[in-house]
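Just need the whole structure built from these sequences, with the hints factored in.
Chain order of the listed sequences is A and B.
Be aware that the first sequence starts at 1, since it is given in my numbering, and climbs by one per residue.
Be aware that the second sequence starts at 1, since it is given in my numbering, and climbs by one per residue.
What you were told as hints is all true, and nothing was included just to trick you.
As a list, the in silico DSSO-like pairs of lysine-lysine whose alpha-carbon atoms are at most 30 Å apart:
id, chain 1, residue 1, chain 2, residue 2
1, A, Lys290, B, Lys156
2, B, Lys268, A, Lys250
3, B, Lys156, A, Lys30
4, A, Lys324, B, Lys164
Hints are computed from structural coordinates only; laboratory data are not their basis.
2 protein chains.
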Amino acid sequence: MDSLLLRAIRKEPVERFPVWLMRQAGRYMKEYLHFRNQERDFLSLCKNVDLAVEISKLPIKLLGVDAIIIFSDILVPLEPLGVKVEFVENEGPKLSWHRDIGKLKGYDPQANAYVYEIITRLKRELPDVPVIGFCGAPFTLLSYMIEGGSSRDFRKTKTFMWEKEYDFHRLMTLLTETLISYADRQLSAGADLFQVFDSWTSALSRSDYEIYVLPYVEELFDKLSSKHDKPLIYFFRNSSAFMDLAEDLKVDVLSVDWTVDLSSEMLKSDKVFQGNLEPTVLYAREDVLKEKVLQLLRTIPRRTGYIFNLGHGIAPDMDFRKVKLLVDTVKSFSLE
Amino acid sequence: MDSLLLRAIRKEPVERFPVWLMRQAGRYMKEYLHFRNQERDFLSLCKNVDLAVEISKLPIKLLGVDAIIIFSDILVPLEPLGVKVEFVENEGPKLSWHRDIGKLKGYDPQANAYVYEIITRLKRELPDVPVIGFCGAPFTLLSYMIEGGSSRDFRKTKTFMWEKEYDFHRLMTLLTETLISYADRQLSAGADLFQVFDSWTSALSRSDYEIYVLPYVEELFDKLSSKHDKPLIYFFRNSSAFMDLAEDLKVDVLSVDWTVDLSSEMLKSDKVFQGNLEPTVLYAREDVLKEKVLQLLRTIPRRTGYIFNLGHGIAPDMDFRKVKLLVDTVKSFSLE
Numbered sequence: 001m002d003s004l005l006l007r008a009i010r011k012e013p014v015e016r017f018p019v020w021l022m023r024q025a026g027r028y029m030k031e032y033l034h035f036r037n038q039e040r041d042f043l044s045l046c047k048n049v050d051l052a053v054e055i056s057k058l059p060i061k062l063l064g065v066d067a068i069i070i071f072s073d074i075l076v077p078l079e080p081l082g083v084k085v086e087f088v089e090n091e092g093p094k095l096s097w098h099r100d101i102g103k104l105k106g107y108d109p110q111a112n113a114y115v116y117e118i119i120t121r122l123k124r125e126l127p128d129v130p131v132i133g134f135c136g137a138p139f140t141l142l143s144y145m146i147e148g149g150s151s152r153d154f155r156k157t158k159t160f161m162w163e164k165e166y167d168f169h170r171l172m173t174l175l176t177e178t179l180i181s182y183a184d185r186q187l188s189a190g191a192d193l194f195q196v197f198d199s200w201t202s203a204l205s206r207s208d209y210e211i212y213v214l215p216y217v218e219e220l221f222d223k224l225s226s227k228h229d230k231p232l233i234y235f236f237r238n239s240s241a242f243m244d245l246a247e248d249l250k251v252d253v254l255s256v257d258w259t260v261d262l263s264s265e266m267l268k269s270d271k272v273f274q275g276n277l278e279p280t281v282l283y284a285r286e287d288v289l290k291e292k293v294l295q296l297l298r299t300i301p302r303r304t305g306y307i308f309n310l311g312h313g314i315a316p317d318m319d320f321r322k323v324k325l326l327v328d329t330v331k332s333f334s335l336e
Numbered sequence: 001m002d003s004l005l006l007r008a009i010r011k012e013p014v015e016r017f018p019v020w021l022m023r024q025a026g027r028y029m030k031e032y033l034h035f036r037n038q039e040r041d042f043l044s045l046c047k048n049v050d051l052a053v054e055i056s057k058l059p060i061k062l063l064g065v066d067a068i069i070i071f072s073d074i075l076v077p078l079e080p081l082g083v084k085v086e087f088v089e090n091e092g093p094k095l096s097w098h099r100d101i102g103k104l105k106g107y108d109p110q111a112n113a114y115v116y117e118i119i120t121r122l123k124r125e126l127p128d129v130p131v132i133g134f135c136g137a138p139f140t141l142l143s144y145m146i147e148g149g150s151s152r153d154f155r156k157t158k159t160f161m162w163e164k165e166y167d168f169h170r171l172m173t174l175l176t177e178t179l180i181s182y183a184d185r186q187l188s189a190g191a192d193l194f195q196v197f198d199s200w201t202s203a204l205s206r207s208d209y210e211i212y213v214l215p216y217v218e219e220l221f222d223k224l225s226s227k228h229d230k231p232l233i234y235f236f237r238n239s240s241a242f243m244d245l246a247e248d249l250k251v252d253v254l255s256v257d258w259t260v261d262l263s264s265e266m267l268k269s270d271k272v273f274q275g276n277l278e279p280t281v282l283y284a285r286e287d288v289l290k291e292k293v294l295q296l297l298r299t300i301p302r303r304t305g306y307i308f309n310l311g312h313g314i315a316p317d318m319d320f321r322k323v324k325l326l327v328d329t330v331k332s333f334s335l336e
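Below, the structure is given as structure tokens:
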């Protein structure tokens with residue numbers, strides 16, 4: 001495959017930096033809401049292959065981005081384990097389970113067959129567009145399970161981690177095995193590259209990340225990189241705190257938030273980088289937004305090996321026209 | 001003055017690391033609530049010198065910490081500028097002003113005379129205990145003014161900063177001058193050391209911190225260090241992201257959050273360090289709490305030049321007995 005995105009990851013010459021956006025198909029798009037209203041809830045939408053395929057393609061048609069990320073949610077591989085996942089409108093996910101790790105089921109990757117089917121269909125319909133598969137990282141999924149949903153301070157997760165180390169490691173092991181199997185199936189189904197979202201490292205101290213989280217992320221990437229020769233991306237919040245640790249992972253791309261001084265990190269590293277733009281700029285005036293994007297692009301110290309993205313996902317209240325302007329601005333920045 | 005705290009800051013030999021805690025006098029103490037109920041609101045309590053002096057002394061008596069931080073709030077120097085500050089119970093501060101920077105009043109430090117009086121009284125009553133004066137940093141105060149209170153994403157502050165650069169710099173200049181004058185008076189009144197709280201750098205990108213925030217912090221510390229020969233402390237959130245920039249400030253002590261790998265930062269730096277313990281450990285079981293404190297203390301690569309503190313302030317729902325255990329654990333860690 002010879003797309004702009006994959007060439008940039010291989011550090012081959014590119015005419016411009018590739019661009020895609022986390023949560024690029026979502027509530028900020030009225031076309032998304034049209035599909036969304038055809039299913040009773042968010043999770044049913046994820047499982048409706050026809051609709052999920054159409055939603056996944058929206059950003060290609062409407063924004064002109066350089067990759068498709070499959071429309072899904074990081075929580076779907078928890079269901080086969082016996083975790084009940086519900087999405088309450090405007091409240092975020094609610095997770096319930098019997099809170100006995102020993103009673104969780106072994107992961108059957110076939111239970112998420114609809115995800116692999118979405119990938120197969122997308123590759124068939126748009127063979128030239130890179131398709132990104134994804135999953136949450138073990139700690140991020142564990143946090144959802146322990147908190148029962150989102151959290152501000154992750155108090156339950158942290159006290160669980162510190163007070164019940166045996167159970168914590170048991171659950172992390174189960175989740176890591178689950179995610180290896182789930183990711184493997186996505187890659188085998190045809191995903192051209194794969195991103196792991198470690199969104200909730202944002203709350204962790206440096207030493208806790210190193211002791212409790214990093215070994216499982218290492219295991220995940222070791223296994224995937226040994227089995228598949230496809231680019232792997234690690235997205236992690238609180239990026240500046242964990243930069244040197246992430247650097248040693250068997251991943252091709254580090255997707256960073258806006259805490260990082262991108263140009264100096266890129267000068268020190270052989271990795272490909274992705275992201276770094278603070279998403280709040282999408283609330284700013286158009287001239288400011290454009291200038292912020294160009295400022296970032298001008299500081300990139302390479303002419304390849306960078307993928308434009310935000311520091312985290314697009315929010316539902318963002319303005320579609322500004323997102324489009326952002327993509328157009330990146331695409332207008334020529335490297336030739 | 002020859003206290004343990006000041007000796008540690010001068011890097012003289014100490015028998016143990018000194019300890020004090022941000023928000024050490026607060027709602028988690030029933031003795032505080034006893035004083036709190038004698039005034040109609042939080043701000044009146046800050047202005048009642050008799051009560052503020054008694055509250056400031058509580059942690060010395062009840063916890064046995066090594067320093068007093070004056071009981072006050074970072075928002076009090078905004079009132080003389082013409083900003084109305086209210087504390088709504090369980091809702092945090094509400095700030096209102098006419099939103100015209102040109103109509104803000106010049107700062108009269110005499111309007112905060114009650115703060116200096118608290119310092120004078122504390123030094124008279126407890127001459128051997130180091131008294132810490134404090135203020136918010138310019139950006140943190142500006143954020144409160146622009147948001148009108150607390151915020152999650154600081155969207156208003158950031159769009160103001162990017163879209164109205166002239167007004168932003170005018171307000172930052174006014175706040176910096178205000179804080180220099182306010183801090184100067186606290187130091188002249190007898191504060192033994194002085195801490196600047198930049199709590200809301202947590203939301204900033206690296207480049208925005210460098211362009212919009214850092215020059216004013218530099219100005220503040222340049223002025224204070226040239227006028228007073230007393231230790232200055234800079235507390236800043238998102239510490240790992242801004243570490244190298246803070247390193248160059250004319251401050252004696254860097255007070256860091258838990259994103260920092262403290263031991264490796266201390267090995268690279270001549271600065272004194274403070275803090276680093278994640279406050280969530282105060283919700284953990286007592287044996288875990290104790291072990292977490294000892295783990296941190298064991299990694300300190302020096303036998304002086306470190307002050308124990310949390311990565312941010314004590315929360316109202318924390319358990320007094322655990323806070324006391326934390327202080328006792330630090331005090332039991334002998335360096336001899």
